[in-house]
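K.L.:
This is what each chain is made of:
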Amino acid sequence: MFSKLIYRNAKRSRKENLIYFATLVIAIASFYIILSLGRQDVILFLKEFESDSIDKLLAQMPIVYLFALFLLFFLILFANRYQLNRRSKEFGLYLLLGMRKKRLVLQLLAEGFITSILALIAGLLIGGFLAEIISLTVSKLVGQGIIGHQISLSAGAIFFTIIGFLSIQFIALAILGGRLFKQEVHQLLYEQMDKKQDMGHFTGNVLTLLAGAVFLGVAYWVALYRFTDIAGLLLFVAVALGSLGTVLFMRGFGKLLGLLASLSKNKSTKGLHTFTVRQFQENVANRSTSVAVTSILITLSIILIADGASTFIGLESVFARSSSVYDFTVNGDSQKIEQFLASEKMEPYVEDLNLLKIGRMKYKDERGENGIPLSLVDWSALREQMIMALPDNYKEQVLSGEIQSYSFSSENPEALNLFGVLETDTTAPYLIPESSYNGLLKAIGKKTLNLHSDEIALYFNPDFMPMDNLESMPVLDHILEKAAKEGKSLMSIHDQAVYIHPSIPMRGLVADRSVQIFSAFIVPDHMFEQLMNTETYVAYWNFRIPQKLQDQEGLLKPMMEARDLLKASGFTFESYLQNFGRKLFYVVAGSYATLYMGFLFLIIACTVLALQFLTQVKQTGQRYVTLSMLGAKRNQMKKSIHRQVLLTFLLPVSLACVSGAVGIRAMIAFVMIHIDDKASLYPIALASACIVIVILGIYGVAVARSADHELDKLRWKPNIE
Amino acid sequence: MVRQGKLLEVQDLQKNYGKKNNITKALNGVSFDVLPGEFLGIMGPSGSGKTTLLNCIATIIKPTSGRVLLHGKNISAFDSKDLAEYRGSRIGFLFQDFELLDNLTGQENILLPLSIHGVDFAKARAKLDELAGFLEITDILHKFPSQMSGGQKQRVAAARCFITDPDIVLADEPTGALDTRSARTLMNKLEGMNRTSGRTILMVSHDPNAASFCSRILFIQDGVIFHELRRKHDETREKFYERILQVLAQLGGGSANVL
Chain D
1 MFSKLIYRNA
11 KRSRKENLIY
21 FATLVIAIAS
31 FYIILSLGRQ
41 DVILFLKEFE
51 SDSIDKLLAQ
61 MPIVYLFALF
71 LLFFLILFAN
81 RYQLNRRSKE
91 FGLYLLLGMR
101 KKRLVLQLLA
111 EGFITSILAL
121 IAGLLIGGFL
131 AEIISLTVSK
141 LVGQGIIGHQ
151 ISLSAGAIFF
161 TIIGFLSIQF
171 IALAILGGRL
181 FKQEVHQLLY
191 EQMDKKQDMG
201 HFTGNVLTLL
211 AGAVFLGVAY
221 WVALYRFTDI
231 AGLLLFVAVA
241 LGSLGTVLFM
251 RGFGKLLGLL
261 ASLSKNKSTK
271 GLHTFTVRQF
281 QENVANRSTS
291 VAVTSILITL
301 SIILIADGAS
311 TFIGLESVFA
321 RSSSVYDFTV
331 NGDSQKIEQF
341 LASEKMEPYV
351 EDLNLLKIGR
361 MKYKDERGEN
371 GIPLSLVDWS
381 ALREQMIMAL
391 PDNYKEQVLS
401 GEIQSYSFSS
411 ENPEALNLFG
421 VLETDTTAPY
431 LIPESSYNGL
441 LKAIGKKTLN
451 LHSDEIALYF
461 NPDFMPMDNL
471 ESMPVLDHIL
481 EKAAKEGKSL
491 MSIHDQAVYI
501 HPSIPMRGLV
511 ADRSVQIFSA
521 FIVPDHMFEQ
531 LMNTETYVAY
541 WNFRIPQKLQ
551 DQEGLLKPMM
561 EARDLLKASG
571 FTFESYLQNF
581 GRKLFYVVAG
591 SYATLYMGFL
601 FLIIACTVLA
611 LQFLTQVKQT
621 GQRYVTLSML
631 GAKRNQMKKS
641 IHRQVLLTFL
651 LPVSLACVSG
661 AVGIRAMIAF
671 VMIHIDDKAS
681 LYPIALASAC
691 IVIVILGIYG
701 VAVARSADHE
711 LDKLRWKPNI
721 E
Chain R
1001 MVRQGKLLEV
1011 QDLQKNYGKK
1021 NNITKALNGV
1031 SFDVLPGEFL
1041 GIMGPSGSGK
1051 TTLLNCIATI
1061 IKPTSGRVLL
1071 HGKNISAFDS
1081 KDLAEYRGSR
1091 IGFLFQDFEL
1101 LDNLTGQENI
1111 LLPLSIHGVD
1121 FAKARAKLDE
1131 LAGFLEITDI
1141 LHKFPSQMSG
1151 GQKQRVAAAR
1161 CFITDPDIVL
1171 ADEPTGALDT
1181 RSARTLMNKL
1191 EGMNRTSGRT
1201 ILMVSHDPNA
1211 ASFCSRILFI
1221 QDGVIFHELR
1231 RKHDETREKF
1241 YERILQVLAQ
1251 LGGGSANVL
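Sequence order for the protein chains is D and R. Just so you know, we're using this note's numbering here: the first sequence kicks off at 1 and counts up by one. Just so you know, we're using this note's numbering here: the second sequence kicks off at 1001 and counts up by one.
Hints listed in this document are in silico derivations from the structure and should not be mistaken for laboratory results. Cβ coordinates follow ideal geometry from the N, Cα and C atoms, glycine included. Honestly, I wouldn't trust all of these hints.
[Stated by the list, open to error] In silico SDA-like links for lysine to any residue, alpha-carbon gap of 25 Å or less:
| id | chain 1 | residue 1 | chain 2 | residue 2 |
| --- | --- | --- | --- | --- |
| 1 | R | K1019 | D | D712 |
| 2 | R | K1081 | D | L259 |
| 3 | R | K1123 | D | H273 |
| 4 | D | K713 | R | T1064 |
| 5 | R | K1143 | D | D708 |
| 6 | R | K1143 | D | L207 |
| 7 | R | K1062 | D | D708 |
| 8 | R | K1081 | D | D708 |
| 9 | D | K638 | R | L1069 |
| 10 | D | K638 | R | F1121 |
| 11 | R | K1123 | D | L259 |
| 12 | R | K1143 | D | F21 |
| 13 | D | K633 | R | Q1147 |
| 14 | R | K1081 | D | D712 |
| 15 | D | K638 | R | T1064 |
| 16 | D | K89 | R | S1031 |
| 17 | R | K1081 | D | G621 |
| 18 | D | K638 | R | D1079 |
| 19 | D | K633 | R | F1078 |
| 20 | R | K1143 | D | K713 |
| 21 | R | K1062 | D | H273 |
| 22 | D | K713 | R | Q1096 |
| 23 | R | K1062 | D | L259 |
| 24 | D | K618 | R | K1019 |
| 25 | D | K633 | R | K1019 |
| 26 | R | K1081 | D | L207 |
[Stated by the list, open to error] Computed spacing ranges between beta-carbons, pair by pair:
| id | chain 1 | residue 1 | chain 2 | residue 2 | range |
| --- | --- | --- | --- | --- | --- |
| 27 | D | K639 | R | Q1250 | 26 to 34 Å |
| 28 | R | K1020 | D | K638 | 41 to 49 Å |
| 29 | R | R1230 | D | L93 | 52 to 60 Å |
| 30 | R | K1123 | D | Y225 | 54 to 62 Å |
| 31 | R | D1033 | D | M99 | 49 to 57 Å |
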């Protein structure tokens, strides 16, 4: 008998309160997703190149898991409280019939257990499915099929999901059961909405609202203009002020809503307008704190989703090989490598093989004052021209000697970047023989250089020096062109005038980062031999995976095969895979956690709003009966309910949109959101806004339908069953 | 179409509960008329069917057979849309537990039926002031129900009920939740509304005291009308009260069933 009751009650809970059950399922699914991260294809793939960072990332996952557990505990607590509130009358009846409270709590726990088991089954299935989809989507986006797919099912993840969920569910039920103990039977039987309709004093409310607005304003100002002051401490100030401001704002606003009801006389006689506003007010004013908390959660989720999305959009740049040419760079005994690369097993993977020689220029034999070695290069003429080309404000700084160091960024004008690089590098510039660079130019299908014996070309490394266009440098070319017309030489090396070749296409010299230089002089081969400091000489064999092979098998698969062969050979080498893996890691690590937390916050906020609203509908159901006695039509009441739902969601969401926009703005301004050009911000903002709106919409519709259902269930025939 | 000045006609009303083998006849052929301006009371012991009767008239439940005519229209056959038009505008309700919406102020509660039926507030302004003055609730119009006493709540409910000028007011134990003083004040006001503005009121009550304000009382028992009392033209309320008590004592074959 008893077990039947438990079973039936559990079944009814699931049926009647889909939102409650869905909340449990969502909680479980999200646990599983975070716990099974280590089994995601991308992570497994990355583990091969970036195992240290991946291990570090995975080591942090338990923290994320605990945090999620902590957050979802409150969600579960809230959902259970709602569920128990709905049933308080029933509990009162059990007690009235003589059931002992202890037994009632035990029954609740047993019911909770059955519901939990079913929620676990559903949640794990959904979580597993989602994890699988995420895994497949990401690996598809990343590897076009090369990342081998493995079922992401993870026994450990399932185990910890079950443990974590059951424990929070039982803690929540135990807390709520304890509370049941304390309530009197009468309270349970006749539980109602708080009858308090204390709307405070007008001035007090206005002051609260104003205080809230001021706090928010200060928080926005701090976020936008003073974000990084005092070692980022102001960030916390902004968050604290923003949260406090939101709470105060909601409190004042909620209580003042009554004004809206009484002021708009024209509207107040139209249908259920007054009723709708008052219902909304009751929901907001009596629970201003939790409305404010949902608003804060939505704000955070907007910011996190925008951040995660922008990082993920950075995925494109992972594939963009704008400046990278070579797939592999091998370093070591030049001849042995050449032999190995020409060997039968290796040969199919090698194309555009090129030996990159590099070394620094010698100094003058005599030393200057203080024993500082003197440069062979005299570029004063070029320097002068470049200073002339600088924007005025920089020009003054340079001429007055104010600038001590240079930073290179895409924000700077090209001339400044160029000037900075040359100013730092030209004392003993790196030298690259013309033939080496010609190999690279050939590989990318460009015209090779044909330098005169007194001609050099300037090389700038696009990996370190941001440039708008890899093919040419207009500012430099302008200066060079002018000099060429006048037949002037802008530089001399070893007291011999040299002429500078117009700018050439710039590409990365090696596959990843074995050569980390800002600039170099590309010189005729004889000049290289003559000027190069032999102690600094290094040579790298660079090659690419043949285009044909890439067309057949994609880039990554042959690259992995070649990598395995090279690994076995024992040579020092690096590959584009590392470059790719590193970039991918930043994207994946950056976007996974933020997107996860973003969605989690959003779902928690939505569930809280939904349950809160449905609790109100449930508790104030009698009002709708009264309305119907006064002649309100069913669809009139449903319309009112739908408007209430809309307002309930809209209020926290609109404030969250403003705060979220400020947050995103601040993050862009302080380069936490990685957006290369501002224009790409808008689609990201739009996309994340759409996701948030869609999720809110789903919840809104679900709530409205549940409320309709609740309305239909009301006893429309008072006193008679 | 108004038939000979009858406002409400209840014709052979029957209401059964339960299924085939286990039928309870809550109303077993009740017929009576209500004339305009009447203050009609319906009394009877628990389970006599008086609430069922009121609910049938209130169109909250559908009778098994029989008709309820308001101004000659069979409102018991109305569908829910037509009913909504009637409720609150042509028929006013007064409940035992007031049924005020506690998140609306007194005034908002009173005006609610108007806004539901889309009546312009400006026209109702004078009406509101008049009603509030008469019912002595002007001071509490801007208070919430939780800040009012029981008697005040019921008078606010009464104002809400009269604001739409309904043809008939159905009151279900309106004094049931009030103390004697508040109950008397309320009944005085209802009687006043009935006398001065000619409001038709149909009241169900247990309370002989409250019933003594009526001009006519129907006693029902076991689903049928059992007796009828009319207050004579010059009869005092006290005398009428005595007569009511006598009838109640006879109801159900003795005092055991009463009260």
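K.L.:
With the threshold set at 25 Å, check whether the alpha-carbon distance from K633(D) to Q1147(R) stays at or below it.
P.N.:
violated, 29 Å
K.L.:
With the threshold set at 25 Å, check whether the alpha-carbon distance from K638(D) to L1069(R) stays at or below it.
P.N.:
Measuring from Cα to Cα gives roughly 30 Å; hence the hint is violated.
K.L.:
Below or equal to 25 Å on CA atoms is what counts here, so check K1062(R) against H273(D).
P.N.:
The given pair, whose Cα atoms are some 30 Å apart, is violated under the 25 Å limit.
K.L.:
Does the Cβ distance between K639(D) and Q1250(R) fall inside 26 to 34 Å?
P.N.:
violated, 52 Å
K.L.:
Quick one, are K1081(R) and G621(D) close enough, alpha carbons at most 25 Å?
P.N.:
This hinted pair holds, its Cα atoms lying about 21 Å apart.
K.L.:
If you draw a straight line from the CA of K618(D) to the CA of K1019(R), is it 25 Å or shorter?
P.N.:
violated, 31 Å
K.L.:
For R1230(R) and L93(D), compare the CB-CB distance with the range 52 to 60 Å and indicate the outcome.
P.N.:
Distance hint for R1230(R), L93(D) is violated at roughly 45 Å.
K.L.:
Holds or violated: are the alpha carbons of K1081(R) and D708(D) at most 25 Å from each other?
P.N.:
Roughly 18 Å separates the two Cα atoms, so the pair holds.
K.L.:
Quick one, are K633(D) and K1019(R) close enough, alpha carbons at most 25 Å?
P.N.:
violated, 30 Å
K.L.:
Taking 41 to 49 Å as the hint, is the beta-carbon distance of K1020(R) and K638(D) inside that range?
P.N.:
violated, 36 Å
K.L.:
Between the alpha carbons of K89(D) and S1031(R), is the straight-line distance 25 Å or under?
P.N.:
The hint is violated at about 39 Å.
K.L.:
Has the given pair, K1062(R) with D708(D), been kept, meaning a C-alpha gap of at most 25 Å?
P.N.:
Status holds; Cα separation ~24 Å.
Hint violations for this structure: numbers 2, 5, 9, 12, 13, 15, 16, 20, 21, 23, 24, 25, 26, 27, 28, 29, all remaining hints satisfied.
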